[in-house]
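*Asks:* Given chain A's structure and the hints, the job is docking chain B onto it.
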Amino acid sequence: MSDPTTLEWVSAALQGDQDAFGDIVYAYQDAVYNLCYRMLGERGEAEDAAQEAFLRAYLNLNRYDPSRSFKTWVLSIASNYCIDRLRRRRLQWMSLDDEPVMDRLSLHSDDPEPEGATLDRERSAAIQALLSELSPDYRAVVILRYWYDYSYAEIADILDTTESAVKSRLFRARQALADQLGSDAAARLGNPLMEGL
Amino acid sequence: MADERQQRLMQEALDQSLTPDLLQKLREQLDVDAESSQQFNRLRKVDEMLRSAPYERAPARLALSIMAKLAQTVKPQELSSASGLALALGMSMVVIVSLPVLIAASSLFLGALSSAAALNAIIQQIASLMALVVAMLDVLVKGAQSILATYPQAPLLMISVVPIILFWLLRAMRDEEDSGSHTRGG
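Protein sequence lines correspond, in order, to chains A and B. Mapping to this note's numbering: the first sequence position 6 is 6, numbers consecutive. Mapping to this note's numbering: the second sequence position 98 is 98, numbers consecutive.
The shape of chain B in the complex, shown without the other chains:
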């Protein structure tokens, strides 16, 4: 029976990683040890059998079935609950803000249809209102620019104040709820 060292040499011989000297040594050992020689022959047969093993080709339908499965599995990314909530809130705010404006505009438009002079006056008023808004925005931007030039840390300060204000608002709302429940309870 081959000892551990001999077995290692046999494996290395199969991997063709033995030096010629060690290979010669292994041959000499196998020549005088019939059992080890048989063992090496079996190992060599296994090695040759595996080397000659055929390669299995994929069936023609495999790629198609993979792509079909992929199309089923990978759906467009769904919105996460947080982003869905944010979208709903945003839409609600847009509706709330635009509803009175739409109502007012519709009423004015219906009234103006009966009089060309009134329609002209409304268009002029809208134009002057827009000019006023643009002028106000211009003033605001210039003011912000001058503050930024004087105090570069101002935007950072303003951003850091936002969570404090939010916290204060939440606390005020909670206090309000507490006092309401006490009033109902009492």
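Chain A on its own, in the form it takes in the complex:
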């Protein structure tokens, strides 16, 4: 269940108060944007997707069940939208997707940045490159589990599937990522990904 403030915003937005919906956007934009970025792997696309997710949330606000968490509801809209978008993209970009993941890990930027920020950015990009190897359904499970700390039951609710399916997808996704990070790849990276492990 959502906190009382969010429920008040939802109630006001349902009566046409767009400022109340603005408060909702400010409160949940980071969560939605992070999900979209991790799903789509590109900042511009993530912004578009987050925008679309919030618009869909606004237009379907009357379907929101106040007994559910609002965050879970809006993340459900965002993740399903991203999965659809990735499936469409996969059909369009099939031929461009042959580049091996490790070749895409160009982790060095020309901009001078503090060491910590650079490391974060590199780690983020490296993780993103690995995630992009997973199918949309698997990717969504990994993101909801690791970035949002949702339980299997909550992920199943968000993705409209069963707990056993979630468990199985996470199992296979970890396995696929572990295979990607095989000993030779880990040696080639030898850096941000493995840092601190």
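Everything labelled a hint here was simulated from the structure, so no lab data went into it. In this text, a Cβ means the ideal position worked out from N, Cα and C, and glycines have one as well. Don't take each hint at face value.
[Claimed, not checked] Short, incomplete list of chain A residues facing chain B, as computed with Cβ under 10 Å:
{"#": "1", "residue": "PHE21"}
{"#": "2", "residue": "GLN29"}
{"#": "3", "residue": "TYR33"}
{"#": "4", "residue": "CYS36"}
{"#": "5", "residue": "ARG43"}
{"#": "6", "residue": "GLU52"}
{"#": "7", "residue": "TYR64"}
{"#": "8", "residue": "PRO66"}
{"#": "9", "residue": "ILE77"}
{"#": "10", "residue": "ILE83"}
{"#": "11", "residue": "ARG123"}
{"#": "12", "residue": "TYR146"}
{"#": "13", "residue": "ALA173"}
{"#": "14", "residue": "GLN175"}
{"#": "15", "residue": "GLN180"}
[Said to hold, decoys possible] Computed cross-link-like contacts, DSS-like style, restricted to lysine-lysine with a CA-CA straight-line distance of at most 30 Å:
{"#": "16", "chain 1": "B", "residue 1": "LYS25", "chain 2": "A", "residue 2": "LYS167"}
{"#": "17", "chain 1": "A", "residue 1": "LYS71", "chain 2": "A", "residue 2": "LYS167"}
{"#": "18", "chain 1": "A", "residue 1": "LYS71", "chain 2": "B", "residue 2": "LYS25"}
{"#": "19", "chain 1": "B", "residue 1": "LYS69", "chain 2": "B", "residue 2": "LYS45"}
{"#": "20", "chain 1": "B", "residue 1": "LYS45", "chain 2": "A", "residue 2": "LYS167"}
[As the list claims (entries may be wrong)] Sample of chain B residues with no beta-carbon within 12 Å of chain A, all distances over it, derived:
{"#": "21", "residue": "ILE66"}
{"#": "22", "residue": "ALA68"}
{"#": "23", "residue": "ALA71"}
*Replies:* This is chain B only, laid out in the frame that chain A set:
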């Protein structure tokens, strides 16, 4: 290579949902199986890597662009075609009914401007007409109340008669059109 049961144990270990006994059992198995041990290490690295992954913050412009898009997308609700038609019909009826009254009132007013006595007479006539209308309404309401008290089902009966009358009127109009076209055709 780890078998299915061992793989399941590894996953549950990553989820920290293994009992101490099963965890100990897994450790013992990994101690004697180098390949499975390597596999578990890779899984553990993936798990730790994902746990330490940074959280991407939304750019500052995102909320503003969402609200701007929302303002563009959500326009005031347009009237549906049915309600638009009903509104047009209602307006037409009001105009049709009020037009003769307005014409008569204008003519009387213009005539009365030339004579104060005539103006006085017209005002008195309008007042008496309104009194008559009010008295008629009063009689109608009282009559309806007495019918309702005697026959509680009367309003229901009257409402159910409305579609029958409408149907009868439509049929009569259609018959009229048919006979008209036969006359023109013949």
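*Asks:* Confirm or reject each hint.
*Replies:* How the hints compare with the structure:
1. PHE21: Check passed: Cβ of A/PHE21 comes within 7 Å of chain B, closer than 10 Å.
2. GLN29: With Cβ-Cβ at 4 Å, under 10 Å, it holds.
3. TYR33: holds (4 Å)
4. CYS36: holds (9 Å)
5. ARG43: Result: holds, 8 Å to nearest chain B Cβ.
6. GLU52: Hint on A/GLU52: holds, closest Cβ of chain B at ~9 Å, below 10 Å.
7. TYR64: Status violated, d = 16 Å.
8. PRO66: Hint on A/PRO66: violated, closest Cβ of chain B at ~21 Å, above 10 Å.
9. ILE77: It is violated, given that the least Cβ distance between A/ILE77 and chain B is near 13 Å, above 10 Å.
10. ILE83: This interface hint is violated because 18 Å lies over the 10 Å limit.
11. ARG123: Holds. Min distance 7 Å.
12. TYR146: Since chain B brings a Cβ to about 4 Å from A/TYR146, closer than 10 Å, the hint holds.
13. ALA173: holds (9 Å)
14. GLN175: holds (7 Å)
15. GLN180: For A/GLN180, the interface hint holds, since the closest Cβ of chain B sits about 8 Å away, which is under 10 Å.
16. B/LYS25 / A/LYS167: The hint holds at about 22 Å.
17. A/LYS71 / A/LYS167: holds (22 Å)
18. A/LYS71 / B/LYS25: violated (39 Å)
19. B/LYS69 / B/LYS45: Violated - the C-alpha atoms of B/LYS45 and B/LYS69 are around 42 Å apart, more than 30 Å.
20. B/LYS45 / A/LYS167: holds (19 Å)
21. ILE66: violated (5 Å)
22. ALA68: violated (10 Å)
23. ALA71: Violated, because the least Cβ-Cβ distance between B/ALA71 and chain A comes to about 7 Å, which does not exceed 12 Å.
Going down the numbered hints, you'll see the structure goes against 7, 8, 9, 10, 18, 19, 21, 22 and 23, while the others check out.
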